[in-house]
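**Q** Going down the list, the sequences are from chains A and B.
Every letter in the first sequence is one number past the one before it in our numbering, and letter 247, counting from 1, is 247.
Count along the second sequence from 1, then add 264; that gives the number in our numbering.
Honestly, the hints are just simulated from the structure, not real lab data.
A hint or two may mislead.
Said to hold, decoys possible - Label pairs and their computed distance ranges (CB to CB):
| id | chain 1 | residue 1 | chain 2 | residue 2 | range |
| --- | --- | --- | --- | --- | --- |
| 1 | A | G54 | B | I292 | 40 to 46 Å |
| 2 | B | R327 | A | N203 | 32 to 38 Å |
| 3 | B | G481 | A | L133 | 56 to 62 Å |
| 4 | B | F453 | A | A139 | 33 to 39 Å |
| 5 | A | K136 | B | A345 | 32 to 38 Å |
| 6 | B | N472 | A | D56 | 53 to 59 Å |
| 7 | A | N165 | B | F337 | 40 to 46 Å |
| 8 | B | N328 | A | S132 | 56 to 62 Å |
| 9 | B | V465 | A | L232 | 39 to 45 Å |
| 10 | A | A139 | B | W394 | 55 to 61 Å |
| 11 | A | K160 | B | F453 | 23 to 29 Å |
The structure displayed is predicted, hence computed values, not measured ones.
Beta carbons are placed, not taken as given, at the ideal position from N, Cα and C, and that holds for glycine.
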Amino acid sequence: MTPSKRLIARATAALALASLAGVAGAQTALDDIVKAKEIKIAIPTDYPPYGFVGTDLQPQGLDIDMAKLIAAKLGVKVELVPVISANRIPYLQTKKAHLVISTLGKNPEREKVIDFTAAYSPFFQAVFAPKSLSIKSFADLSGKSVAVTRGAMEDQELGKVAPANVDVKRFEDNNATVAAFAAGQTQVIATGVAVAGTLMQKNPSLGTEFKLLLKDSPNFIGVAKGEDKLRLKVNEILAAAKASGEIDKMAVKWLGRPAGTLPE
Amino acid sequence: MQFDFGAVLAEWPLLAKGVAWTLGLTAIATLIGMVVGVACAWVRSSGPGWLKWVVGVYVELIRNTPFIVQLFFIFFGLPAAGLRLSPETASIIAMVVNLGAYATEIVRAGLDATPRGQIEAAESLALDRWQIFSRVVLPPALRKVWPSLVSQIVIVMLGSAVCGQISTQELSYATNLISSRNFRNFESFFIATGIYLLLAVALRQLLNWLGPRYFFGR
Chain A
1 MTPSKRLIAR ATAALALASL AGVAGAQTAL DDIVKAKEIK IAIPTDYPPY GFVGTDLQPQ
61 GLDIDMAKLI AAKLGVKVEL VPVISANRIP YLQTKKAHLV ISTLGKNPER EKVIDFTAAY
121 SPFFQAVFAP KSLSIKSFAD LSGKSVAVTR GAMEDQELGK VAPANVDVKR FEDNNATVAA
181 FAAGQTQVIA TGVAVAGTLM QKNPSLGTEF KLLLKDSPNF IGVAKGEDKL RLKVNEILAA
241 AKASGEIDKM AVKWLGRPAG TLPE
Chain B
265 MQFDFGAVLA EWPLLAKGVA WTLGLTAIAT LIGMVVGVAC AWVRSSGPGW LKWVVGVYVE
325 LIRNTPFIVQ LFFIFFGLPA AGLRLSPETA SIIAMVVNLG AYATEIVRAG LDATPRGQIE
385 AAESLALDRW QIFSRVVLPP ALRKVWPSLV SQIVIVMLGS AVCGQISTQE LSYATNLISS
445 RNFRNFESFF IATGIYLLLA VALRQLLNWL GPRYFFGR
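Based on the sequences and whatever the hints tell you, model everything.
**A** The following block contains the structure:
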């Protein structure tokens, strides 16, 4: 076969395989990874300290360390795929990534479309606002404007608990959400604790403080629906890393506290 | 892969609201943007020298920077200067400013194409400067460039998709919201594409019909 014919043959085979996977839910991801000696892992770059771009322009953070750890344990190279909150799940669905390690919380809506491994790091979402604003309960949010990242966990959680007349302003990614709040475009921000931490640190003049807990939601690794072989392999790696203290070490390094007990 | 368009269409109130916002933004931006465009075109072809320079800077600044950057500058940047605008106002201003700059150049091309003799003929009839511009120069100029103007307005309408980035609830915002709720990305964007296509075709038809009737006669 000439190289171009071989390419076509391969493409056809891949296409057939993909359609097969779609129909029968064949578990090919782990084999693909081992064969290609490379795993594609979706990571955040707008979510310090979980994933952000350092001064050397390289992605770094807890999620990136976790991605590298898993690749190392699998004995393959890692290709980091930067994603944002809103497109994390589509990247899995369309097989642009084998794993999503991007502060992904688990909820029933998401479990319908993708599968989750065990948890790998602690996390919670909350409502934050300036000290001058009195917010004691979700009812106090009534009539206030709240910045939130569209499609993120806090967006869904806020929809469940906030009164109907809250002016929810949804932004494309965390940077835009924070920018809107920092610029005073909204009175309140609902976001993850990590983002809020950076926000408070960089904008001390805003006097932002923690107001209400939205959800305690440890982070899980997302795998495409039905890829059980890959999921179990990753769970095995996570269990070993928990036992050896590597997960706690990572949490201390990036979050300043050990991971504690994480759900399986 | 199984498709479920019903899951997206079930959110039709959101889509309808999105369409209304997209059309509303476009309508206001078109009305004001056209006025800005015609005014600036007049300045560039026959205004005072210093004003010509100001308009020139405006036109070049807007035409040589991306729309989303202009939008973000207005929404995220201006609050630092003490000017805080709602997402909707910021979107409209960005669209007006953008369309205004492009319309300036399009209309100016039409004005420049007016034969000198036509203006001299009007002067010999003792029409004043305003009469000459509004009755002799502008209508044929608009007729010449109308197709380009209509295209530009359609581009601005399609460009309004970006306004969802600052939480203006137009059609793209609604689509993104729906797809992030039910994860039906393909269906959501398929439907949005269809709606945009319909809107663009309808808008073009409408403007092609309106132009000759109200702006420059037949």
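**Q** Please go over all the hints and tell whether each is borne out by the structure.
**A** Structure-based check of each hint:
no., hint, result
1, G54/A to I292/B: 40 to 46 Å, "holds, 44 Å"
2, R327/B to N203/A: 32 to 38 Å, "holds, 34 Å"
3, G481/B to L133/A: 56 to 62 Å, "holds, 58 Å"
4, F453/B to A139/A: 33 to 39 Å, "holds, 37 Å"
5, K136/A to A345/B: 32 to 38 Å, "holds, 34 Å"
6, N472/B to D56/A: 53 to 59 Å, "holds, 55 Å"
7, N165/A to F337/B: 40 to 46 Å, "violated, 31 Å"
8, N328/B to S132/A: 56 to 62 Å, "violated, 42 Å"
9, V465/B to L232/A: 39 to 45 Å, "violated, 52 Å"
10, A139/A to W394/B: 55 to 61 Å, "holds, 59 Å"
11, K160/A to F453/B: 23 to 29 Å, "holds, 26 Å"
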